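Asks: Given next are the chains, with one letter for each unit.
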Amino acid sequence: MSHPFFVCHGPISVDKILELLDIKVDIASKFEITDIKDLSNAEQNSLTFLHSNRYKEIAKSTKASYCLTTNLLKDFLPKTCKPIIVENVLMATSIITSKIYPNSIEDTFDVKVKKIEEVNLKNNVKYGKNVLVGENVDIGSDCLIGHNTIIEKNVKIGNNCKIGSNTVIRNSFIKDNVSILDNCVIGKKGFGFFPKNSKNLRYPHIGIVIINENCEIGCGATIDRGSMSNTEIGKNTFLDNQVHIAHNVKIGENTIIAGQVGIAGSSIIGKNVRIGGQAGISGHLKIGDNVDIAGGSGVIKDIPNNTKVMGYPAKNIREFLRENK
Amino acid sequence: MSHPFFVCHGPISVDKILELLDIKVDIASKFEITDIKDLSNAEQNSLTFLHSNRYKEIAKSTKASYCLTTNLLKDFLPKTCKPIIVENVLMATSIITSKIYPNSIEDTFDVKVKKIEEVNLKNNVKYGKNVLVGENVDIGSDCLIGHNTIIEKNVKIGNNCKIGSNTVIRNSFIKDNVSILDNCVIGKKGFGFFPKNSKNLRYPHIGIVIINENCEIGCGATIDRGSMSNTEIGKNTFLDNQVHIAHNVKIGENTIIAGQVGIAGSSIIGKNVRIGGQAGISGHLKIGDNVDIAGGSGVIKDIPNNTKVMGYPAKNIREFLRENK
Amino acid sequence: MSHPFFVCHGPISVDKILELLDIKVDIASKFEITDIKDLSNAEQNSLTFLHSNRYKEIAKSTKASYCLTTNLLKDFLPKTCKPIIVENVLMATSIITSKIYPNSIEDTFDVKVKKIEEVNLKNNVKYGKNVLVGENVDIGSDCLIGHNTIIEKNVKIGNNCKIGSNTVIRNSFIKDNVSILDNCVIGKKGFGFFPKNSKNLRYPHIGIVIINENCEIGCGATIDRGSMSNTEIGKNTFLDNQVHIAHNVKIGENTIIAGQVGIAGSSIIGKNVRIGGQAGISGHLKIGDNVDIAGGSGVIKDIPNNTKVMGYPAKNIREFLRENK
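Residue numbers (our numbering), protein chains in the order written: chain A, 1 to 325; chain B, 1001 to 1325; chain C, 2001 to 2325.
Mixed in with the good hints there might be a few duds.
[Claimed, not checked] From the structure, some residues in chain A lie toward chain B, with a derived Cβ separation under 7 Å:
{"id": "1", "residue": "G140"}
{"id": "2", "residue": "N214"}
{"id": "3", "residue": "Q278"}
Source of the hints: derived by calculation from the structure; they are not laboratory data.
Keep in mind that this is a model prediction, so the values were computed, not measured.
The beta-carbon is built from N, C-alpha and C at its ideal position, and this holds for glycine as well.
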């Protein structure tokens, strides 16, 4: 499947990739790479990347034809996927992604937006004053869009959605019956870059934000789009005010997230999870289904299904309360 | 007193209430309920609700004629108040409130706002560009209202108030000499609902936000209106940036709340309280007068007057510092 | 150097200062004070202030001619600087500063802004809809300014800067190649006042915000300007979403600050520092260079260079993890 929003500037030859990464080889390969994707979404003729043994199981079944990886990790790849050995996998991935998707690195405001009155809407939309709409925007029927809200380019909104005032949305799929309240920013690039003195190198973000049916997103929330995969919020999940969801996070269905919670990049949250106010979840974690995280907790490791945790670092709630009488 | 903002669609007969709650009785009652209110504000002929023995003292003196409650709690009610026994008091209250106040469930943007230039203001107000004003809005003299700010329906602002830019206010009483800075959202419905797989059931919010004289509300603050009672901030209380105040919270006079603090629903904070940055206070707590809560603390139980606390869970500050040298 | 933004209403005679502070002396002094500044920036003929022995080393070399201080601290001053002994140094400083800089106490919206189309821009600027620009604003070449953004008075923006949508900036120097994303508030007065029942006394804020080259400021960030000194962010420092930086904070170069971090007033953060999400740093602290602060930590004391800390209160990360297995 081609990318829904960012234009793929592929194909690109393996030769060219090696040249961009400053890798010298004896025999040139004219093989044409069509796209770059993560391990599970990559198709034949795609390039993918493997940077941690955390992903070794997924690596085994990737369909990609080539993979940016290290000497230590290359043996997890199937025979159909040829390794390209690099020193820093994420930086190499960033360099190639920036080449294939040159528009995914920096978010500047959408200069092509028009006043909504000047846009030819297919459906019945009720809108406030000073609403702006960019290119490649599709709004379903019976939607409400509040004052001063900016729907920048690459947004698909389902039916019966309610968007508040002063909100900015870009690069996102909003499914049916979703409410997004005031002052939110949805779909901006994530906080991803390679630190470099003098000038940090920004990471491209070709993922999007997907908010599934019946969700509610509170005021002042920020939900960043993914870098190589999407940021996704499951059906009927409710977020309170001032919540921050970083890039690549996936949240399951029927989850409840109270005010000022922050979820760092690439963490996966199960379904029927309850997260109390101001709790924080570190990056790259897996939180199971039916988990309760007490308000104010700091979660720094995976949490299995059906567990209640509290504290910093978060531990079993009974243990925490016994130790902190 | 009738509701200042939401239109009461009462009276409603006791019969009808029982029918809505799916309760079968032998003898029908044509008694007409005029309104639904919390225990202390309910008047004769009103319906109220009692869902926890935490409120048993207030229950004893309620003036309501009927009360939604459980078999275990019904004996706390005075003889003048007849119990209606239900399984889930809050859900029953929600169902009846939604019937009496059908417009208090979801906040959609105010479609009836006008540009402030087109509104007939009684008083001297200095305003910025692109200011919008809804119906049932009253602004006192010598007020300032910043650019892009939206005063939606049901707002009463006193004299000499300063409202910043990009701020949204609805369903609120702002008293004299109050400053509300930029990018705030004041008076939206709280984060209250009954979790239900497939589609959560939102709780009605018929409370308002009251901000008393001489308060200051920092940038990016969110103050939600109450569900059955009001959210109220006492005189001369100052909130720093990015503070979140949930529904039904009451804060006393002369209190100081530093940046990024969050106060969960229905907690009561005393006067002359100091709350350090990023501290969190759980819901349904009572924090006394002259309390100091150190920055970053997580408060999970009531705190008596004149106490200094720190830590998570917050405890006496001397004890905390001794244990954490 | 005269103040770049706030108009100095000096000179003011020492006589007048003593009168304002209600200090009676036998012999009047007609000496003219030109300005009020902090210990290190004060020049000859200026007034300065010394309120804590934390600043005794800086006090020894101040060039100020007069200093508001206490009997206990006055001996740290050089002979060229005469003490004016007061009970409450900060309140006296506030009173005199309010007199010399009367426009630095309250931030009301800038009534003199114009639509950017009506402003005579010297350079090539690409801007969105509904952008407002105040007086004394200078924008460099090749800048982008997003929709609904308000550049209020006293802002200097360098070349090649990218400002998002719905952002408010005032009293700030933004250097070259800086990105400020959506919904930020930069340069408002800090949360500084003297608590007084009935009506708090606001502290003047004559400092500005300086954001140096190549910085990125995430969505929903608030950066307050300084009271007597500036708030400053070093080159190539990146802030994620919903970060709060209080007045007078200084942050070094190449520092990385993750989402929802809060830094309280007057703290100094070194260079190459990494601060994890939701961490909080108390006021008036010194965090060294190359420090790592784990997400969720609460820092309440100074941290030396090259240290990794975690926890609340933050301590050596190895110690914290050993104690919290």
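Asks: Hints the structure violates: just list their numbers, smallest first.
Replies: Hint 1 is the one this structure does not satisfy, whereas the remaining hints hold.
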